[in-house]
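Position chain B against the provided structure of chain A, taking the given hints into account.
2 protein chains.
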Amino acid sequence: MTYNAQTIFEFELPSSRMLCYFDADCKKITELHPGRKLIFVTDSNLFRLYGKYFDGKHVIVVKAGEEHKTQVSADVIIHHLIQYEADQDSLLIGFGGGVITDLVGYAASIYKRGIPFAFIPTSLMAMADAAIGGKNGINHGAVKNAVGTIRQPESILYDFDVLQTLPAEEWVNGIAEVIKYACITDPVLFEMLEKFDMHQVQTDFSLAAMLIERCLKIKMNIVIQDEKDKGLRKKLNFGHTLGHAIEILHDLPHGHAVSIGMVAACSLSEKFTDLHFSEALRIVQLLSRYHLPVDIETDHAKIFEVLKQDKKRKGEEMHFILLKKIGVAEIYPLSMDYIESHLKEII
Amino acid sequence: MTYNAQTIFEFELPSSRMLCYFDADCKKITELHPGRKLIFVTDSNLFRLYGKYFDGKHVIVVKAGEEHKTQVSADVIIHHLIQYEADQDSLLIGFGGGVITDLVGYAASIYKRGIPFAFIPTSLMAMADAAIGGKNGINHGAVKNAVGTIRQPESILYDFDVLQTLPAEEWVNGIAEVIKYACITDPVLFEMLEKFDMHQVQTDFSLAAMLIERCLKIKMNIVIQDEKDKGLRKKLNFGHTLGHAIEILHDLPHGHAVSIGMVAACSLSEKFTDLHFSEALRIVQLLSRYHLPVDIETDHAKIFEVLKQDKKRKGEEMHFILLKKIGVAEIYPLSMDYIESHLKEII
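So the sequence lines, in the order shown, correspond to chains A and B. The numbers in numbering that gives the first Met the number 0 rise by one with no breaks, and the one at position 338 of the first sequence is 337. The numbers in numbering that gives the first Met the number 0 rise by one with no breaks, and the one at position 232 of the second sequence is 231.
Next comes chain A alone, as it looks inside the complex (with noise of 0.2 Å):
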C-alpha cells in the first residue's frame, strides 16, 4: 500500500463523530478550516524546529517534556486562550506528541466548559496511540494522568513528513504501543512486527504509515464501543498499570516502561491465564527486537505505594490486562494483597 494522497477516514462515536485526515500535509490545515480561529499549542522543542511553520499563525508554546505536563502548563494554555479572546467557534490545535495531545485535550476541554480541539501528532507515540481516543490529562505530583477529562478530538492530521524530524529514542517509544495494540488484539500485526525491525520503520514512512493506520483502526474500534473506559477498553491499560508505576519511579520513557509492564503482564499470564510460554518469549523478543527493554532493578516497596494510587485501582482489587494468547487479552482482577507480596516474582 502506498500513502501519497489524503485519505480521510470517519469514526462515529456515541459522543461526537471524528475525522482523520490520514497521509495529509500540516500546511493546508487552515484551508480545512475556512474561516475559523485557529490557536495552536506546541513545546519549545517543536517551535524551535518548526518556527516558520507558526509564521502569522496563533500560537501557544509551552516548555517540552512530561515534567510539564501539569497544571502550569495548562493555566498557560487558558491564560492565552482568554487572550486570544478563543470561543466555541475557535479551534484549539496541538501540535506536538503525548504530551502536547494529552494536554491540549485537556485544556480545550475545561476552557469555558469545552471548545472544540484536534491534533497535528508529531510522533510515532502520538500517531499511533495517544492523539486517539479522546483520553487527556496532567500528572499531579507524582500521580500521572491524576487530572484529565475523556472528550474527543474534532479532527487528526496525519503528515508523515513530521517524522522525519523525530529522535531515534522517540521510535523506540512509540513502537512500543504498536507492538501492544499486537498483543492485545492482532496477531497478524503482530507477524509483521516479527518481520521488519526498528531500522525499517524508521526509514520507511509508507511502513510506519500502514502501522499506525492499523492502530488507529484497532483503538478507535474499541472506544467506539467504549468511550467511557467501562471494560472494554480498559485492554488497551495492557502493560501499563506496572509501566506507569516503573515510569514514575525510574524517570523512563514511557514506551521504555510499558515494555517492562508488559513483560511482567506476560509472567501473570503465565500463571492466571495460561498464556503458553513460547508466546511470552516471542513478545520478550519482539520487544528486544525493536530495542526496548524487558527488565529492570527496582524497588518494589516503592512501585507498590505508587500502584495504590493508579485509577484502575477499584478498592481492594486491582485489574490487570492479561493474555490468553498472542492478540486475546482479558481483565484480571488481582487482590492488593497478592499484588504486594509477589510483585518481586512479577517484575
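Treat the hints as calculated values from the structure; they're not laboratory data. The reader is advised that the hints may include incorrect statements.
Where chains are identical, the list cannot tell them apart; a pair therefore holds if satisfied intra-copy or between any two copies.
Unchecked claim - Straight-line Cα separation of at most 20 Å, EDC-like style, residue types lysine to aspartate or glutamate; simulated pairs:
#, residue 1, residue 2
1, K301, E84
2, K227, E153
3, K229, E153
4, K301, D336
5, K270, D336
6, K311, E84
7, K56, E30
8, K313, D88
For chain B alone, kept in the frame of chain A given last:
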C-alpha cells in the same frame, strides 16, 4: 403542601440519572450510600458552623468565598483525594453554597478523569439553582467560570433545616434566581412571588421548599432537553450576561448583579422583543420587593471589556436572553458593536 417526609425525585438525563432526596435529613447521608467511601468538601465558614456534622467523616475544608473559587482550591481538593485514595467507587459530596457546588463538581469531573459526586446545598442560591444541572467551574483571574465542565451530580440532598444558619443577605442573593425562573418560564410562580415577601420566605421553610421545588423542576426540565447548552438552556442566562460583568467590576453578590442584569435585559426587551412597559415595571417592583438592587452607577467601557470575555459571545455577536412577556423568554443575538455603543442606555 407540607414538606415533612423525604420525597425522591428522579431525573433521566441524556448522560446519566440524577436523584433528588427532597426534604431529607443530611445526617442520613451515610445510610443512603452503604459501603461507599464518602468524602465531604465544605468551606471554612460552614465547617465552623457544622463541625460536629463532620465528626468521623472524611472532610476537605477549602477557604470560603467566591475569591477562592479558583484552581488553587481545586488543587487542594485533588491533593486530598489522592491522600484519601479516592476512586470510581468513592463519592465526593459538596456541602455548601454555589461556590462549593461549582468547585466540587469541577474537581470531581477532572480527578482521575471523573469520579461520582453529590451535593448537599446549604444556601437558597445553591438549592434553587447552582447545585442543579451539572455546570461547574472556577474563575480564572477576572473571568468568571472561565474553566469548568458540564457533568451531572449523582444526587442532590435537600435538607431545609440547614437554611436556619443562612444569613439574611444570602436569602436575598438566592431569591434573585427564583425570580429569574419566574420571569423566563413561570408566570404562576411570578404571581406567587408577588403575593409573598422576603420575610415570609425566610421564616417559612415550607414556603421556601415549595419555591425551590418549582425551580428545581423548571431547571431539570430544561437541562434534560439541552444538557450541553446548545440552545434552550441558554434561556437560564437571563440577566446573567450583563450581571456577570457587573458582578466582576463591582464585586457584588451574584444575586444582586443578576438583578441589575435582569433589569437591563428588560430594557433591551422593551426595545427588541416588545416586552410591555407594565410587565417590565412588575419585574422591577418584584426585585425591589425582595430587597434586590435594580440599577448601578458603572464604568461602561470596563463593562464592555469584561463582556468581550464572556463564554456566551459568538465571534462578533453575543446572545442575550430577552423577554416577550413574563414567563416567555427568547434568545436574541446582538452585535458587539451595538452593545458597545448602546451600553449607557442599557445599564
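Violations among the numbered hints: When the structure is compared with the hints, none of them turns out to be violated.
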